[in-house]
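Number of protein chains: 2
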Amino acid sequence: MNYRFSARLGTFSSSAVREILKLTQKKSVISFAGGLPAEEHFPVAAVRNAFERVMAEGNKALQYGLTEGYLPLRESICRWMTRKGVSVTPDDMLLTTGSQQAIDLLTRIYIDPGDVILVERPTYLSALQVFRSYGASLISVKTDAEGMDLEDLAAKIKQYRPKMVYVIPTFSNPTGKAWSLDRRKGVLKLCRENDALILEDDPYGELKFGDAAVTYPSIFSLDQHPAGSCVVYTSTFSKTVAPALRTGWVMADPDIIRHMARAKQAADLHSSSLDQQTLYQLMEHFDLDAHISFVRKEYEKRMRQMADLLEQQQWPGVKWTEPKGGMFFWLELPAQIDTAELLKTAVDLGVAFVPGATFYAENPQHNTMRLNFTHTDFEGTITGMCRLSQALESVLVR
Amino acid sequence: MNYRFSARLGTFSSSAVREILKLTQKKSVISFAGGLPAEEHFPVAAVRNAFERVMAEGNKALQYGLTEGYLPLRESICRWMTRKGVSVTPDDMLLTTGSQQAIDLLTRIYIDPGDVILVERPTYLSALQVFRSYGASLISVKTDAEGMDLEDLAAKIKQYRPKMVYVIPTFSNPTGKAWSLDRRKGVLKLCRENDALILEDDPYGELKFGDAAVTYPSIFSLDQHPAGSCVVYTSTFSKTVAPALRTGWVMADPDIIRHMARAKQAADLHSSSLDQQTLYQLMEHFDLDAHISFVRKEYEKRMRQMADLLEQQQWPGVKWTEPKGGMFFWLELPAQIDTAELLKTAVDLGVAFVPGATFYAENPQHNTMRLNFTHTDFEGTITGMCRLSQALESVLVR
Numbered sequence: 001m002n003y004r005f006s007a008r009l010g011t012f013s014s015s016a017v018r019e020i021l022k023l024t025q026k027k028s029v030i031s032f033a034g035g036l037p038a039e040e041h042f043p044v045a046a047v048r049n050a051f052e053r054v055m056a057e058g059n060k061a062l063q064y065g066l067t068e069g070y071l072p073l074r075e076s077i078c079r080w081m082t083r084k085g086v087s088v089t090p091d092d093m094l095l096t097t098g099s100q101q102a103i104d105l106l107t108r109i110y111i112d113p114g115d116v117i118l119v120e121r122p123t124y125l126s127a128l129q130v131f132r133s134y135g136a137s138l139i140s141v142k143t144d145a146e147g148m149d150l151e152d153l154a155a156k157i158k159q160y161r162p163k164m165v166y167v168i169p170t171f172s173n174p175t176g177k178a179w180s181l182d183r184r185k186g187v188l189k190l191c192r193e194n195d196a197l198i199l200e201d202d203p204y205g206e207l208k209f210g211d212a213a214v215t216y217p218s219i220f221s222l223d224q225h226p227a228g229s230c231v232v233y234t235s236t237f238s239k240t241v242a243p244a245l246r247t248g249w250v251m252a253d254p255d256i257i258r259h260m261a262r263a264k265q266a267a268d269l270h271s272s273s274l275d276q277q278t279l280y281q282l283m284e285h286f287d288l289d290a291h292i293s294f295v296r297k298e299y300e301k302r303m304r305q306m307a308d309l310l311e312q313q314q315w316p317g318v319k320w321t322e323p324k325g326g327m328f329f330w331l332e333l334p335a336q337i338d339t340a341e342l343l344k345t346a347v348d349l350g351v352a353f354v355p356g357a358t359f360y361a362e363n364p365q366h367n368t369m370r371l372n373f374t375h376t377d378f379e380g381t382i383t384g385m386c387r388l389s390q391a392l393e394s395v396l397v398r
Numbered sequence: 001m002n003y004r005f006s007a008r009l010g011t012f013s014s015s016a017v018r019e020i021l022k023l024t025q026k027k028s029v030i031s032f033a034g035g036l037p038a039e040e041h042f043p044v045a046a047v048r049n050a051f052e053r054v055m056a057e058g059n060k061a062l063q064y065g066l067t068e069g070y071l072p073l074r075e076s077i078c079r080w081m082t083r084k085g086v087s088v089t090p091d092d093m094l095l096t097t098g099s100q101q102a103i104d105l106l107t108r109i110y111i112d113p114g115d116v117i118l119v120e121r122p123t124y125l126s127a128l129q130v131f132r133s134y135g136a137s138l139i140s141v142k143t144d145a146e147g148m149d150l151e152d153l154a155a156k157i158k159q160y161r162p163k164m165v166y167v168i169p170t171f172s173n174p175t176g177k178a179w180s181l182d183r184r185k186g187v188l189k190l191c192r193e194n195d196a197l198i199l200e201d202d203p204y205g206e207l208k209f210g211d212a213a214v215t216y217p218s219i220f221s222l223d224q225h226p227a228g229s230c231v232v233y234t235s236t237f238s239k240t241v242a243p244a245l246r247t248g249w250v251m252a253d254p255d256i257i258r259h260m261a262r263a264k265q266a267a268d269l270h271s272s273s274l275d276q277q278t279l280y281q282l283m284e285h286f287d288l289d290a291h292i293s294f295v296r297k298e299y300e301k302r303m304r305q306m307a308d309l310l311e312q313q314q315w316p317g318v319k320w321t322e323p324k325g326g327m328f329f330w331l332e333l334p335a336q337i338d339t340a341e342l343l344k345t346a347v348d349l350g351v352a353f354v355p356g357a358t359f360y361a362e363n364p365q366h367n368t369m370r371l372n373f374t375h376t377d378f379e380g381t382i383t384g385m386c387r388l389s390q391a392l393e394s395v396l397v398r
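Line by line, the protein sequences are chains A and B.
According to full-length UniProt numbering, the first sequence holds residues 1 to 398 in order.
According to full-length UniProt numbering, the second sequence holds residues 1 to 398 in order.
Hints are computed from structural coordinates only; laboratory data are not their basis.
It does not matter which identical chain is meant; a pair holds if it fits inside one copy or across any two.
Computed list of lysine-lysine pairs in DSS-like fashion (alpha-carbon distance at most 30 Å, straight line):
| id | residue 1 | residue 2 |
| --- | --- | --- |
| 1 | LYS297 | LYS84 |
| 2 | LYS297 | LYS324 |
| 3 | LYS301 | LYS324 |
| 4 | LYS319 | LYS185 |
| 5 | LYS297 | LYS60 |
| 6 | LYS60 | LYS324 |
| 7 | LYS319 | LYS301 |
| 8 | LYS27 | LYS60 |
| 9 | LYS84 | LYS324 |
| 10 | LYS344 | LYS27 |
| 11 | LYS60 | LYS301 |
Next up, chain A with everything else stripped away, as it sits in the complex (with noise of 0.2 Å):
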């Protein structure tokens, strides 16, 4: 048989977090690569509880659900997204396995070939997939500490008239960082006056560290919302709950809603429904914020561990950030590395991060790299990165 396999084939690259999740099995290899979440806090108890519920509820449970998602669980999220000052209702919502799934369908309804997506400088590499894989024509824009560079983003807006503006505002991956109010309110007003729809992907927003009066609002609440709205905003239950569960959800005007359930149809007809009665019965039983507030303790721990031995190691020429929120460090190294090389030698010594070229849409930065520091313990932290250090020994300059 000689399979003819279609031209989109061919973005399907070869996948570096695939791998990942194969390297993060091996017991002995101490992994920041990956995107996880810590083990040890997920809600186990209360998922039991709320599973306990749902089957108390008889046999229907089982049954079908709809496209858009468990209706009652849209409900609560609504409520959940009024106290945080997003008014919206379950015609304006869509459940998801995932964010990701948030990310592909959008992209269904509104990205023909050749259509050119605008993007942060690095971004998230899996939604880059998606948008090649639909045939866009990805262009980077600045991208410093503060968020995108509005200045920048005018210039393509005018030279490319993109149809979709990518932003990870609050604490990006790979990049950790947040944008400013003003940066957040310039994209909105650029989009807006030119018609570019933003897709706000907001996976970690919950993850927030330091003082609880600091806010950073979702681009999505500072615009109208959500009829008409230019910002279609995508979350998910895999950092605050667990991913297991694999439900995300989305909210945008209701016709773009009612376009993207229509294509979910066709992709999978719905999403787990017993996963969906599961989250709902959580959310209603168990105090969820209460819970993020223990697990954003519990990661900026973590993250000023991982902050205060980068500090140590003292290598020579490598910069970062110290994130405020999310799961990840974003360094930046001499510029003669290739991380993708120190890789191989760092696997070999017993530890993994993600190369950071794969995050970028063109032109990549190879002496870059990202790593988690929610995932791996106090000792293992310790452990992988001194192993960090020795690989990087062998490369860096004193």
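Knowing the structure of chain A, use the given hints to seat chain B on it.
For chain B alone, coordinates are given in the frame of chain A:
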């Protein structure tokens, strides 16, 4: 904001199934429409027990999983398939969000706009929707009680050089028919000789009625398998365990599986690993074969009841064939009747079905309808058929 949707959007036409699922939410309507299994036969205790075993494994159960799916479940399915005479390994298998997702992922990696897919006449409407969304050109092959007409298939292969042939050979949706062995072999031979990939969709194969000695081997099992096979086979737990766990699987040449996994990584990273782990524990600690045996008998009773009721109506000019398995009766009414029109009357009278036109890739036959017999109980089926009879009275000429 002026939204600029993709050209693809037009292919996600208004969806019968979604409207149907909404209809069935109204308690007053007896629905023969949705392809829903009987809730009262869901193995609730076994699911609960399996979930407890998963949670007893510890926190890691709630972590991210592999894109390919939970390895122990893939191994369990392989053992199960081996008992049915099909030898595959976990590398030849991908777990999906229902078999619907398998159809989507294969189309994504195999079909370019303009490629031809041959389908049965009629066939599963949500597969048609997926194919259309990727720009495939759909051509129907004549189909009779034995399966695809081999002469017509040969002619259309010659004329259209199709990349793919989509079939549901065992207890088809919507017609309920089972192909003869000769047709299975004939289609396989023609496709192999002409490099046309067969997508064999088999959600209903386990729901077999009548003589246990009569078997319907999958086309996949008749081919070399899996390496180099010209068949991609997909099935699901939705009809044998329960739909809410939303787990299907696909078996194929390992290269095809590898490419589908990459596409899945972009689509949703992975399906619910909590559901997959639960199904693994269920397969290991529950007699699934005995359960399927039980469900078969119950569904056969329901089929028999509906066959008797159909017989009693003596509707002039209405034809159907008794299904040998699966979930559906397919009715052909006198040529002048449009069942989409009839549905409005029927719903007013409190009964629903699926008008047949949506199941055709081209030149729909408007005088057809699909009736599900698995979901409604004994009393409900009597009442529903009585209401359907009332609806038909108004349009049938006696």
